[in-house]
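**Student:** Okay, here's what each chain looks like letter by letter:
2 protein chains.
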Amino acid sequence: MSFEITVLGCGSASPTSFRNHTSQVVKVQDRCFLIDCGEGTQIQLRKNKIRMQKIQAVFISHLHGDHYFGLPGLLSTFHLLGREKELDVFAPSDLLNILQSLFNASNTYLSYKLNFHPLNFKSPELLFEDKRVEVHSFPLRHSIDTCGFLVKEKIKTRKINRKAVDAFEVPVYELNKIKDGANYIKADGAIVENTKLTFDPEPSLSYAYCSDTMYYPALCDFIKDVDLLYHEATFANDCKVLAKQTKHSTAEQAALIAKKANVKMLMLGHYSARYTDLKLLLNEAKLIFENTVLADDGLNVLL
Amino acid sequence: MSFEITVLGCGSASPTSFRNHTSQVVKVQDRCFLIDCGEGTQIQLRKNKIRMQKIQAVFISHLHGDHYFGLPGLLSTFHLLGREKELDVFAPSDLLNILQSLFNASNTYLSYKLNFHPLNFKSPELLFEDKRVEVHSFPLRHSIDTCGFLVKEKIKTRKINRKAVDAFEVPVYELNKIKDGANYIKADGAIVENTKLTFDPEPSLSYAYCSDTMYYPALCDFIKDVDLLYHEATFANDCKVLAKQTKHSTAEQAALIAKKANVKMLMLGHYSARYTDLKLLLNEAKLIFENTVLADDGLNVLL
Chain A
1 MSFEITVLGC
11 GSASPTSFRN
21 HTSQVVKVQD
31 RCFLIDCGEG
41 TQIQLRKNKI
51 RMQKIQAVFI
61 SHLHGDHYFG
71 LPGLLSTFHL
81 LGREKELDVF
91 APSDLLNILQ
101 SLFNASNTYL
111 SYKLNFHPLN
121 FKSPELLFED
131 KRVEVHSFPL
141 RHSIDTCGFL
151 VKEKIKTRKI
161 NRKAVDAFEV
171 PVYELNKIKD
181 GANYIKADGA
191 IVENTKLTFD
201 PEPSLSYAYC
211 SDTMYYPALC
221 DFIKDVDLLY
231 HEATFANDCK
241 VLAKQTKHST
251 AEQAALIAKK
261 ANVKMLMLGH
271 YSARYTDLKL
281 LLNEAKLIFE
291 NTVLADDGLN
301 VLL
Chain B
1001 MSFEITVLGC
1011 GSASPTSFRN
1021 HTSQVVKVQD
1031 RCFLIDCGEG
1041 TQIQLRKNKI
1051 RMQKIQAVFI
1061 SHLHGDHYFG
1071 LPGLLSTFHL
1081 LGREKELDVF
1091 APSDLLNILQ
1101 SLFNASNTYL
1111 SYKLNFHPLN
1121 FKSPELLFED
1131 KRVEVHSFPL
1141 RHSIDTCGFL
1151 VKEKIKTRKI
1161 NRKAVDAFEV
1171 PVYELNKIKD
1181 GANYIKADGA
1191 IVENTKLTFD
1201 PEPSLSYAYC
1211 SDTMYYPALC
1221 DFIKDVDLLY
1231 HEATFANDCK
1241 VLAKQTKHST
1251 AEQAALIAKK
1261 ANVKMLMLGH
1271 YSARYTDLKL
1281 LLNEAKLIFE
1291 NTVLADDGLN
1301 VLL
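Taken in order, these protein sequences are the chains called A and B.
For the first sequence, my numbering gives the first residue as 1, with consecutive numbering after it.
For the second sequence, my numbering gives the first residue as 1001, with consecutive numbering after it.
Just chain A, same shape as in the assembly:
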């Protein structure tokens, strides 16, 4: 089971012909989430050969258009494709009215149930949870209410030591309990310790998504030790003042957050259209946090 992030767009508000607006697909443990949905996302999904109907939940960080103007079109396309599976949308509450007025205007009744969950911008919140995966929101600092998202695997089951299980003649129906950490009790009452029958589980991976935000060190509490941090880096140091004014971050500030939060890897994105060559941003970040990569439309990161 993989944990895979696909960048559909890494540009910021003003579009270019080579960078789409923000959107990412996160596939984890066979779940498929869409985070933000800038204009053109449905075309990017097609181009990246991601099956639209696999998407089970959409998370919208905030209501600046470059982060959600692709959502109405995507929801319409789900409908046109005859989707029946429910869709969960986690987004700022105003989006519900906007969607309703759009669908009223086109006389559209969606073929599927859309479960709308308004975000809260005051404190971290568990948005989604199932047997294997959790998604949390946490507040960012931007010019309007904005959330980041943390996608994490739950602690995985222990791995069966096939040789040991065979040696102790453990019946198949015991295996799931043993994977969950139980000891094996033999017919004569003797106890075989779980650690003799299993290996430690694979590590549980995690991904944090922070766009858009000003430099906001308090967010490190929410994203501590993640395997990959995506942090906006709209500007290089040449526009530090502008970054502050517009409540965005520089690449260096993104790297400072990555370092402080002790993350394993940092991905920069949400670049201002003024930067055609992104090496400047990468270099400024790497001076602070070496394990930094640049997001790019179509980039796949496998954790």
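Rather than coming from a laboratory, the hints here were simulated on the basis of the structure.
Worth double-checking, as some hints may not be accurate.
Pairs of lysine-lysine, DSS-like flavour, derived with a Cα cap of 27 angstroms [what the hints assert, rightly or not]:
no.: 1; chain 1: A; residue 1: Lys247; chain 2: B; residue 2: Lys1113
no.: 2; chain 1: B; residue 1: Lys1049; chain 2: A; residue 2: Lys47
no.: 3; chain 1: B; residue 1: Lys1247; chain 2: A; residue 2: Lys113
Chain A is already provided as a structure; the job is to place chain B on it using the hints.
**Tutor:** Just chain B, lined up with the frame of chain A:
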């Protein structure tokens, strides 16, 4: 002064990776209009190297998303680029509320004045007029209120016959009146007929845009004799029943309209995603109306 149509997108509601949603730029007599604005239009404008700020008016035919979901993003980009020039938007009245709720949600106050003009769907209407150009709307028949648009040049001024003007020693300040058809009265009171001083003007060109509509012969009254007719052709004859159900047209029906309206040239578009090879549609249309071309993303037609 040219009359030029650029197709930015020619797909229908369900997008493909090779056809964008509907939008066209019409440049006429140095005016620049945008007709419909499907998702991704701003990126298409960039790719086709059309200067965004040249656009002075936008015409939205109806409120199905594939015809206007790119508008909020485009309006935002105008703002981000610091537009000051007013923009006229001609569209169904519901769009105004939609735009207002989108801009409220993002706390956006546009840098320019947006003049919103609600369309009427009952009768033809003159929407725009200046010295050289007119744009009219006319009702189509679709599943929701929909307009077509007619862009036409006014009758052009007569062309000066340089040799004759020199021979009669016409002073420069008389030329504009003569271009408008006046005779020249010499100092001795003798009249020189305008036809001796001028040639006939260039023909006035016209373009009609009809998307989306079911087969609707009554629309021929509005588009008679145009130089180019764009008519939707969502389906081929294999889906004639579906065309009727969804209130769209087949390529053959588009050609019947072209023939009946005595237009000079027909352009098909708004193709269903099911057709990858469009020859079928072209051939079916050509059987009825020979001078037919297929719209394609990026196609430029110079009238």
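**Student:** Please go over all the hints and tell whether each is borne out by the structure.
**Tutor:** Quick rundown of the hints versus the structure:
no.	hint	result
1	Lys247/A / Lys1113/B	26 angstroms, holds
2	Lys1049/B / Lys47/A	22 angstroms, holds
3	Lys1247/B / Lys113/A	26 angstroms, holds
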